[in-house]
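Novice: If you want the building blocks of each chain, they are given just below.
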Amino acid sequence: MMSDISYENLIAEKIGEEIFDFAAEIYPICRSITGRGVRETLRAINAHINLEVHEVPTGTAVFDWVIPREWNIRDAYVKNERGEKVLDFARSNLHVMSYSVPVRQRISLTELKQHIYTLPDQPDLIPYRTSYYAEKWAFCMPHRLLENLKDETYEVVIDSTLTEGSLTYGEYLHRGETEDEFLLSAHVCHPSLANDNCSGIALLTHLAKRMAKLRTRYSYRFLFAPGTIGAIAWLARNEGRCQRIKHGLVISMVGDGGGPTYKKSRRGNSPIDRAVVHTLCHSGLTPTILEFSPYGYDERQYCSPGFNLPVGLFQRSKFGEIPEYHTSADNLDFIAPNHLALSYHLVAKTIDVVESDMVYCNTMPKCEPQLGRRGLYGAVGGDKHAAAGNMAMLWVLNLSDGMHSLLDIAERANLPFAVIREAALLLHRGGLLKPCGDVNSSTT
Amino acid sequence: MMSDISYENLIAEKIGEEIFDFAAEIYPICRSITGRGVRETLRAINAHINLEVHEVPTGTAVFDWVIPREWNIRDAYVKNERGEKVLDFARSNLHVMSYSVPVRQRISLTELKQHIYTLPDQPDLIPYRTSYYAEKWAFCMPHRLLENLKDETYEVVIDSTLTEGSLTYGEYLHRGETEDEFLLSAHVCHPSLANDNCSGIALLTHLAKRMAKLRTRYSYRFLFAPGTIGAIAWLARNEGRCQRIKHGLVISMVGDGGGPTYKKSRRGNSPIDRAVVHTLCHSGLTPTILEFSPYGYDERQYCSPGFNLPVGLFQRSKFGEIPEYHTSADNLDFIAPNHLALSYHLVAKTIDVVESDMVYCNTMPKCEPQLGRRGLYGAVGGDKHAAAGNMAMLWVLNLSDGMHSLLDIAERANLPFAVIREAALLLHRGGLLKPCGDVNSSTT
Amino acid sequence: MMSDISYENLIAEKIGEEIFDFAAEIYPICRSITGRGVRETLRAINAHINLEVHEVPTGTAVFDWVIPREWNIRDAYVKNERGEKVLDFARSNLHVMSYSVPVRQRISLTELKQHIYTLPDQPDLIPYRTSYYAEKWAFCMPHRLLENLKDETYEVVIDSTLTEGSLTYGEYLHRGETEDEFLLSAHVCHPSLANDNCSGIALLTHLAKRMAKLRTRYSYRFLFAPGTIGAIAWLARNEGRCQRIKHGLVISMVGDGGGPTYKKSRRGNSPIDRAVVHTLCHSGLTPTILEFSPYGYDERQYCSPGFNLPVGLFQRSKFGEIPEYHTSADNLDFIAPNHLALSYHLVAKTIDVVESDMVYCNTMPKCEPQLGRRGLYGAVGGDKHAAAGNMAMLWVLNLSDGMHSLLDIAERANLPFAVIREAALLLHRGGLLKPCGDVNSSTT
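Protein chains in written order, with our numbering: chain A, 2 to 445; chain B, 2 to 445; chain C, 2 to 445.
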């Protein structure tokens, strides 16, 4: 079903460059959990896929939360006594703490310092800071710059607004043969941070664009929403739909060269967990597989105990474990087309496993069937190497007893899913297998 | 509930010295499985806690056993031809094999040697030997002393009595809110061996003394009984009560600097097993955790298949694995206040886990509740370190689905129980948790 | 029951020499999956045990297979232009690919080479090749010999016949107290390969011969059949009987000095799997334990999903992992009496475990019974070493609660089965145990 997922094809088709270019396009936008930046980002996605955009008004209750006022910002700077801008929002939207209330005043360096975040250990980088729910204002700057500021009076301006408005998210549904859904979710609330999460937004956009052309078993829901409050708003408005979600992945930080990293869903052994782990372990890479923990991205909400959805987190480097994390070093130089292409490939391969997994029954379960007679087996026995290529067929025949899916068999045989599936297709064609039950019928 | 269990407080309160002093007080007494030594020991305990003392008459059947005759000893010695005492019970009660029948005769060195135990590999130490159920007499002495004995005639005297009498044990019950019991058991049958088990007797005496002032959920039964036959007698006389025992620990050899060592109950994964393992693994020490085996102390009886009680064994060094074991080197120099204080601390922390463990339900199970609004979360996001302190709260919220107790959560989060409990108390106070079932309701 | 299985006794009785001599006797016979070689082999076995021989006619359908025509061969050679036999079947029956169709023609070296198998990496050895189901002819020779052949015309002769006939197998049933069966199976289709499987045929023949004199709980079925098609034919003709098979072993390659190797049955944790693993792990050797895989010997058929019998594979070296495998180096020099004796010992010990395993109930389950009073325990306590010898008794008493068999206890105690059984017999004799249920009653 996912016909285009071989890594070689993807490289040939320059999928990495496509994703990178889109990430670069949305990188400059100043996003937050509400406001024009999110809308502009969703418009850019809409140029590729037919996105359904939702506005949730300020004040709407979503479970324990309330949609906050909408934040927008036009400009911000700090000027010294000579009128020189020592800090300028126009140069980096990280310079202003997200959701800073408006300010316009003249203050001493001592006062200013109470409103400045720096990273003393990474003195050339601007940190990324937010204060969504406490009314504050602050600037973020390189520590080296702060140290050079003279003891004089500064003019500080943050030309922002906090007004009644709405929170915005977008979703795209690719309809498959069934209403069972596979949720793919990326947060769209971070400003100019390339890996976190322009990379994830761009990867999902192009995955959706390609899947639109494919027939699939599952329906695929692509959700582009602000982190935490956006996911919570979506869950609150789609509570009844959640039982359809059979698999899900949160996609973030997929443009760097680390990892791959997979954090399992709260269930720990759901089909998506097994499919990702299988795919990564047969990727030739050295993946990091993490048990679920309640800290991270929006899997926190999807895996809250009242939902407990089978949704894991796919990343390259693990969040928080790289020096670039939540700093101005997470820029376009930090991500690369080849990393994005590999991330795409791994996600697509995982989807392919989930799409293709099924339970067959061996139609000749008593003793082995005679593969040779059907042209399925090397006709000359006795060769000590001949058997290797037939192992996948033997495993599929031996375990297709109605209780093992192809993924079960791949795991037990320690062979790549694609090899097992290919063997199953050959055997099915040869009349030795018949489908005998949806893999989900037992798990839902 | 156990308000005084922090190690710092215990050290400040000199708990180690208290326990050591009591161990030193009872160390000189010549105990055996019956007789005046046991009664004297129980009287010493009674000076601290209101002990209920039981006498079980000689000849009473207790399961497969019969209470033996009572053994008492006044004096014993070996004199050479010059009338010099080459061995004198007055100098060490280990010199006489426990339950030796009376003897008064003159014998050759050759004959004498047939009644002498030594430790050739530890030539300066007196071994500890008993013969409760075979009528014999013997002396125990340093091997070096034996080698120096001349080939002459010796006068051997053991002024002991074996008469109708009784076996004595004592128990103290601290009543808690429920009749569910936590059994704490120490053997009181060894003579002058400081670690085995003056240490355990003294630790439990002072633990009982302190618990007497506390309100607890469980009732705590402290049992001071002779090893094997004493535990068997207690079980035979309290068979109907055993179903109340939800947790238990045998306490022995808790004054040396080794271990800590925990041998699991026969069940292997009962709450007491998990509580001790959790406590020891978060102690910063390097504990040894042993699976159950049917050799050791009175857990052998409590874990016999007809009872199968959830009772484990807590020790410092493992019995039998230190050179001082069952020799005169197990004296007051071998135990120390700081070791006793640490042992007390570990036992008390374990009790604290068992006392406090419970199941909460998240009152806002759908998505995360907004902790910040309740002052439970750092209001400024985006800091890469801020989250660490909130992990315990997130774990408690995520797993409080009615199926996980606080200990379950502490295990899964790999955080100390006290940290998880503190988070639960904060969340409970904030209305985000409600108690939803006794942890025992599912296990009893 | 297996009174003669101690390794020392077996060596004294020269069991290894007995087995070796029989393997040597049948080594020269040219066996295939049908034909006179199999019959001659079964006649040799019949000289030791009363074998029931079955003929299954060509054309008989057995599950997905059909019994092929019978193959026999009288002679074969390759002659050069000078009339010299450069290859002669009379010197090694490996020289002709098994089931080669008859041929008699003069051909060029180039044509000849299309019908020759060699092992370039092992240039002095003749490979073993078969083509049972594709009509072909071929010779097998040392690669060095092939390289020396001159570019001339050769006379090639294979004087074989492929005719209507039958497939032959033999079986021997040792009747035990019950109709529950233990299947022991060896393939009889390989020509002059000593280890694979003259060794297995000979071991089972002499095992059957010795068991004939013993009273056993299980009935033992010894099956000597051609690989794959023979096992399939037996299963097709005995389908209704299969439910009686409680345990089984395929025996092959048991004469070399490697391993021992055990490949588990498809069930993975059936009693035979546990019995073999236990026996091998307490053998003092360094066994290789393999999970089931659907490639190997006739366990492939016994463990097909429609049967899923508890049948594992016992070998010394693992098939395919030694350079001698399926070459002329697998000759009588490759096997040895001492290796065969050890293999016999391990199989017999495994049978002994399965025969003796049972569930006892402790008649005194409340507290320990007083072993000393019954002469079952060292009467003098306090010795730090005395306990070791009593551990097996303590384990048996502690776990004989009706839910643990002797093998369960041996596994948990990490003691050899024979030690546990001896303890159980002593305790049974002492009235402390009573039999309480067949180990199979819970597993069948």
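Among the hints, a few may not be true.
Where chains are identical, the list cannot tell them apart; a pair therefore holds if satisfied intra-copy or between any two copies.
[As the list claims (entries may be wrong)] In the DSBU-like style, the derived pairs of lysine-lysine whose C-alpha atoms are separated by at most 30 Å in a straight line are:
1) K367 x K319
2) K367 x K15
3) K210 x K86
4) K114 x K137
FYI, nobody ran anything at the bench for these hints, they're computed from the structure.
Novice: For every hint, state whether the structure bears it out.
Specialist: Verification of the supplied hints:
Taking the shortest alpha-carbon separations for K367 and K319, only the inter-copy value of 26 Å comes in at or below 30 Å, while the best intra-copy value is 48 Å. In the homo-oligomer, the alpha carbons of K367 and K15 never lie at most 30 Å apart, since the shortest distance is 49 Å inside one protomer and 41 Å across protomers. In the homo-oligomer, the alpha carbons of K210 and K86 never lie at most 30 Å apart, since the shortest distance is 43 Å inside one protomer and 71 Å across protomers. Taking the shortest Cα distances, K114 and K137 sit within 30 Å of each other inside one copy (14 Å), while across copies they are farther apart (88 Å).
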